[in-house]
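Generate coordinates for the entire structure from the input sequences, incorporating the hints supplied.
There are 2 protein chains.
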Amino acid sequence: MTYCLGIINQLGIVMASDSRTNAGVDYISSYRKMFDLSLPGERSIIICNSGSLSVSQGVLTLLNRDIQNKEEQNLHTLENMYDMARYIGNKSREIQDRDRPWLEKDGIDYSCNFLLGGQIKGEVPQLYLIYPQGNFIQATPETPFLQIGETKYGKPILDRTITYNTPLEDVAKCALLSLDSTMKSNISVGPPINLVMYQADSFEINRKLELRIGAPYIAKIRKLWEESVRHAFESMPEIEWEQETNDSEEDIFID
Amino acid sequence: MTYCLGIINQLGIVMASDSRTNAGVDYISSYRKMFDLSLPGERSIIICNSGSLSVSQGVLTLLNRDIQNKEEQNLHTLENMYDMARYIGNKSREIQDRDRPWLEKDGIDYSCNFLLGGQIKGEVPQLYLIYPQGNFIQATPETPFLQIGETKYGKPILDRTITYNTPLEDVAKCALLSLDSTMKSNISVGPPINLVMYQADSFEINRKLELRIGAPYIAKIRKLWEESVRHAFESMPEIEWEQETNDSEEDIFID
Numbered sequence: 005m006t007y008c009l010g011i012i013n014q015l016g017i018v019m020a021s022d023s024r025t026n027a028g029v030d031y032i033s034s035y036r037k038m039f040d041l042s043l044p045g046e047r048s049i050i051i052c053n054s055g056s057l058s059v060s061q062g063v064l065t066l067l068n069r070d071i072q073n074k075e076e077q078n079l080h081t082l083e084n085m086y087d088m089a090r091y092i093g094n095k096s097r098e099i100q101d102r103d104r105p106w107l108e109k110d111g112i113d114y115s116c117n118f119l120l121g122g123q124i125k126g127e128v129p130q131l132y133l134i135y136p137q138g139n140f141i142q143a144t145p146e147t148p149f150l151q152i153g154e155t156k157y158g159k160p161i162l163d164r165t166i167t168y169n170t171p172l173e174d175v176a177k178c179a180l181l182s183l184d185s186t187m188k189s190n191i192s193v194g195p196p197i198n199l200v201m202y203q204a205d206s207f208e209i210n211r212k213l214e215l216r217i218g219a220p221y222i223a224k225i226r227k228l229w230e231e232s233v234r235h236a237f238e239s240m241p242e243i244e245w246e247q248e249t250n251d252s253e254e255d256i257f258i259d
Numbered sequence: 005m006t007y008c009l010g011i012i013n014q015l016g017i018v019m020a021s022d023s024r025t026n027a028g029v030d031y032i033s034s035y036r037k038m039f040d041l042s043l044p045g046e047r048s049i050i051i052c053n054s055g056s057l058s059v060s061q062g063v064l065t066l067l068n069r070d071i072q073n074k075e076e077q078n079l080h081t082l083e084n085m086y087d088m089a090r091y092i093g094n095k096s097r098e099i100q101d102r103d104r105p106w107l108e109k110d111g112i113d114y115s116c117n118f119l120l121g122g123q124i125k126g127e128v129p130q131l132y133l134i135y136p137q138g139n140f141i142q143a144t145p146e147t148p149f150l151q152i153g154e155t156k157y158g159k160p161i162l163d164r165t166i167t168y169n170t171p172l173e174d175v176a177k178c179a180l181l182s183l184d185s186t187m188k189s190n191i192s193v194g195p196p197i198n199l200v201m202y203q204a205d206s207f208e209i210n211r212k213l214e215l216r217i218g219a220p221y222i223a224k225i226r227k228l229w230e231e232s233v234r235h236a237f238e239s240m241p242e243i244e245w246e247q248e249t250n251d252s253e254e255d256i257f258i259d
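From first to last, the protein sequence lines stand for chains A and B. Each residue of the first sequence is one higher than the last, beginning at 5 in my numbering. Each residue of the second sequence is one higher than the last, beginning at 5 in my numbering.
The set of hints was computed from the structure by calculation and includes no laboratory data. There may be inaccurate statements among the hints.
Said to hold, decoys possible - Facing chain B, a subset of chain A residues (Cβ under 8 Å, in silico):
1. 159
2. 163
3. 165
4. 168
5. 188
6. 189
7. 192
8. 212
9. 225
10. 228
11. 230
12. 240
13. 242
To be verified - Just so you have them, the derived chain A footprint on chain B, three or more residues with Cβ under 8 Å:
14. 163-171
15. 177-185
16. 224-234
Using N, Cα and C, we set each Cβ at its ideal position, and we do this for glycine too.
See the structure below:
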């Protein structure tokens, strides 16, 4: 499994990813799932991936090869982020066309999702989620985050804290907590954690972080978070139970 | 969808359930998913269900009918909770045997899960999860909660707060917050919420609560919780970003 997360607001973009992959519980390994394909000073481009490792590595290889071979269409030449999302979707379709019949024969999952976040000069920062089918959606102010992989455990904290005006440093903390909640509840999501913060109109990724197993910062925020949650929870108002009555009959399901 | 939760510890048992059912997003209704089948003074029995409504209603009907017909084997005569879990599993198999071929033909899901919590005189309180296949597991001190239905959104808060020694009133608050987190993240889980608290060796369910849409208590704890979470989160230590270096090369995936 995997958990990657992108959060966008008027101040910039934060993206985070774990590094655990598994083919069954008896084959677990680490692969980076966040890639910086920026052209510093001109365009900032961060891509995260989840799903089939062979398909997503294939897509990343094609993306890099097109840049290196200076193909007419590549991530450094395409005119806008929308076209970049479409181009990544097409690369994903290309790899799937090649491998899908063979994977399907043995019931192997070949789907993969991508997050694309960044900014091109002349545009505002944008964040996209590219589906396994190659189509895609964009994050908007109403729901300023997109997730791929194991998305559920880390969503409640985002739902409760993130708005389109939250300062970027706080957004980054929230992303780490969302990753940490997921790691705690699902062992198929694990470190190292990669985190980047992009400030709108800076055109360079100047804040990045890799947190490995046992990183003191992760231990520190986990401890502080758990204490705060427990404290919050102890300060909750007492439950106003129903008055005791002999109403057992109405609770019984009558056939 | 559904979310039901049982938490057991040395002080007793808390169980909670939502009431939303849906057959597609365009057919949403409310059905109670928690049933009190206690024999007050002798044995306390709470059952929650998730999954196919027709199958689980069928099972509940059989359980009630056996009590009313004073069958030799029923929830009020079986000697221990383990046998009760097995008996409920068998009823579930019975209904499935009857309907499964017809449901399978049209690809309709017929699976359902049950939680069984309570205490029989002479035994300690126990909590079981009965799977769609009729087999079952029991909660233990290491993982003192069991969930059925949409389990993921509400799990992080349990993982961070509940232990085998948490006071029952706090366990009940935590169950409500776990339900509320799930309702916030998944609209297919919804009110009324049913909550019961059972104190070990009391042999009666004397604390119960039904919270309907717009219940002031739910609004109150949600607001307090969100404030606390946001506060906790703002008091987190600053992120220790990596030193700025020109290390863009090592981040690029080389093909």
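So, going through the hints one by one against the coordinates:
no., hint, in the structure
1, 159, "holds (5 Å)"
2, 163, "holds (5 Å)"
3, 165, "holds (6 Å)"
4, 168, "violated (15 Å)"
5, 188, "holds (5 Å)"
6, 189, "holds (5 Å)"
7, 192, "violated (13 Å)"
8, 212, "holds (6 Å)"
9, 225, "holds (6 Å)"
10, 228, "holds (6 Å)"
11, 230, "holds (5 Å)"
12, 240, "holds (5 Å)"
13, 242, "holds (7 Å)"
14, 163-171, "holds (count 3)"
15, 177-185, "holds (count 5)"
16, 224-234, "holds (count 8)"
Taken one by one, the earlier hints fail for this structure at numbers 4, 7, listed in ascending order.
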